[in-house]
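Chemist: Read off the chains here:
There are 2 protein chains.
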Amino acid sequence: MQRIIVDMDEVIADTTLGMRNWYRKNFGGEIDFDKMLAGQSLVKGFPEEHQAIVRQQLFEPGFFRGLPVIEDSVDVLKEMNKRYDVYIVSAAIEFPNSLKDKYEWLMENYPFFKWQQLVLSGDKKMISGDFMIDDHARHLEHFKGKPYLFTAPHNLNEKRFDRIDSWKQAGEIFLN
Amino acid sequence: MQRIIVDMDEVIADTTLGMRNWYRKNFGGEIDFDKMLAGQSLVKGFPEEHQAIVRQQLFEPGFFRGLPVIEDSVDVLKEMNKRYDVYIVSAAIEFPNSLKDKYEWLMENYPFFKWQQLVLSGDKKMISGDFMIDDHARHLEHFKGKPYLFTAPHNLNEKRFDRIDSWKQAGEIFLN
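Protein chains in written order, with the working numbering: chain A, -16 to 159; chain B, -16 to 159.
Just chain A, with the same shape it has in the complex (with noise of 0.2 Å):
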């Protein structure tokens, strides 16, 4: 079976939505999407004074946890779970608070997945496999396989990999 390496955060896992929600919620305000895509990282899209607090989130414990999943990312990975060895793979040792959150969120919303299908890394360099759907190119930069950067708020601007837009675009690409 060919191996598919798929990123959690801003892949199936909305993180952006999940901030926006927050700071919705705490301070009343909304996301400037062009920051955001200038400074190529969703802290960046929140008022300045506002940035530490926000990041701070990524380090509660519970941020990761309650998390909405991406559209049809469920239905598409479930069917391709069938057709390859699919791992999971979140750069999140930096957040050691959600590392618990990220393990109980997967098992929750994609409860075909094992356990072994989880990896919680600190950089990717060291993964290996055909494919890889990842939001960041420095991820995929490293990939011997064929990378492909799932859009995200912050990368539209990034010209150098073969894009998917949505999951419905996965299915179309791995289950035909």
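Keep in mind that the hints were calculated from the coordinates and are not lab data.
Quick caveat, the model's predicted, so the values are computed rather than measured.
Certain hints may be false.
Note that identical chains are pooled: a pair holds if it fits in a single copy or bridges any two copies.
[To be verified] Simulated pairs of lysine to any residue, SDA-like, Cα-Cα distance not exceeding 20 Å:
#1 Lys127 - Glu13
#2 Lys18 - Trp5
#3 Lys151 - Gln99
#4 Lys108 - Gln(-15)
#5 Lys8 - Pro51
#6 Lys97 - Glu87
#7 Lys97 - His125
#8 Lys65 - Val37
#9 Lys108 - Asn64
#10 Lys97 - Glu77
#11 Lys97 - Lys142
#12 Lys18 - Phe95
#13 Lys65 - Glu91
#14 Lys8 - Ala120
#15 Lys108 - Phe96
#16 Lys108 - His125
#17 Lys8 - Phe42
#18 Lys108 - Arg66
#19 Lys97 - Arg121
#20 Lys108 - Phe126
#21 Lys65 - Lys108
#22 Lys127 - Gln(-15)
#23 Lys97 - Phe42
#24 Lys61 - Pro51
#25 Lys108 - Met63
#26 Lys127 - Phe114
#27 Lys142 - Glu91
#28 Lys108 - Glu77
#29 Lys108 - Leu20
#30 Lys127 - Arg38
Please arrange chain B on chain A, whose structure you already have, making use of the hints.
Modeler: For chain B alone, kept in the frame of chain A given last:
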């Protein structure tokens, strides 16, 4: 730089000694190393009636946080870290409460490592590198680089791999 994949439990963390100390304190008994060897597992070295509670310890928060380091691993890895890309890769996802403990344990005991160098995985089939040092044959079997079996009480009968018996010996192999 060549990449070395180093396991955590029984290779740099003395899980056997940690469990023996816990068992002594709570039950006043000793490990049977012959049974551990026959069962090829740490847990099998304890009396049958206590194996469930010994295994339960692996799921408890704090157990991995307090493990002793294996002799010479700090000094030798500090030098290896200057000459190789070292990654510490632990198949830990099965034990969700160990994840943050393992991160904190590594950062405290091996302060020359950065968080980028830790990987907490389910299995290790997607991990690539030039060398792997692990106490479990099941991880070495899939590895495409050069595998080394790190000697542990449970693996003395395994014959398929070159062995490393101590971190002194690892230093002789990798630092000369």
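Chemist: All the hints need checking, so say for each whether the structure fits it.
Modeler: Okay, the hints, checked on the actual structure:
no.	hint	verdict
1	Lys127 - Glu13	neither (38 Å within a copy, 48 Å between copies)
2	Lys18 - Trp5	within (18 Å within a copy, 53 Å between copies)
3	Lys151 - Gln99	neither (26 Å within a copy, 32 Å between copies)
4	Lys108 - Gln(-15)	both (19 Å within a copy, 12 Å between copies)
5	Lys8 - Pro51	within (16 Å within a copy, 45 Å between copies)
6	Lys97 - Glu87	within (11 Å within a copy, 25 Å between copies)
7	Lys97 - His125	between (26 Å within a copy, 19 Å between copies)
8	Lys65 - Val37	neither (38 Å within a copy, 35 Å between copies)
9	Lys108 - Asn64	between (23 Å within a copy, 16 Å between copies)
10	Lys97 - Glu77	between (23 Å within a copy, 10 Å between copies)
11	Lys97 - Lys142	neither (34 Å within a copy, 30 Å between copies)
12	Lys18 - Phe95	neither (37 Å within a copy, 36 Å between copies)
13	Lys65 - Glu91	within (18 Å within a copy, 41 Å between copies)
14	Lys8 - Ala120	neither (31 Å within a copy, 51 Å between copies)
15	Lys108 - Phe96	between (23 Å within a copy, 16 Å between copies)
16	Lys108 - His125	both (6 Å within a copy, 18 Å between copies)
17	Lys8 - Phe42	within (18 Å within a copy, 35 Å between copies)
18	Lys108 - Arg66	between (25 Å within a copy, 17 Å between copies)
19	Lys97 - Arg121	between (27 Å within a copy, 18 Å between copies)
20	Lys108 - Phe126	both (7 Å within a copy, 15 Å between copies)
21	Lys65 - Lys108	between (26 Å within a copy, 18 Å between copies)
22	Lys127 - Gln(-15)	both (14 Å within a copy, 16 Å between copies)
23	Lys97 - Phe42	between (25 Å within a copy, 17 Å between copies)
24	Lys61 - Pro51	within (17 Å within a copy, 41 Å between copies)
25	Lys108 - Met63	between (24 Å within a copy, 18 Å between copies)
26	Lys127 - Phe114	both (9 Å within a copy, 18 Å between copies)
27	Lys142 - Glu91	neither (34 Å within a copy, 40 Å between copies)
28	Lys108 - Glu77	within (15 Å within a copy, 23 Å between copies)
29	Lys108 - Leu20	neither (25 Å within a copy, 35 Å between copies)
30	Lys127 - Arg38	neither (31 Å within a copy, 38 Å between copies)
Checked against the numbered hints above, the structure breaks hints 1, 3, 8, 11, 12, 14, 27, 29 and 30 and satisfies the rest.
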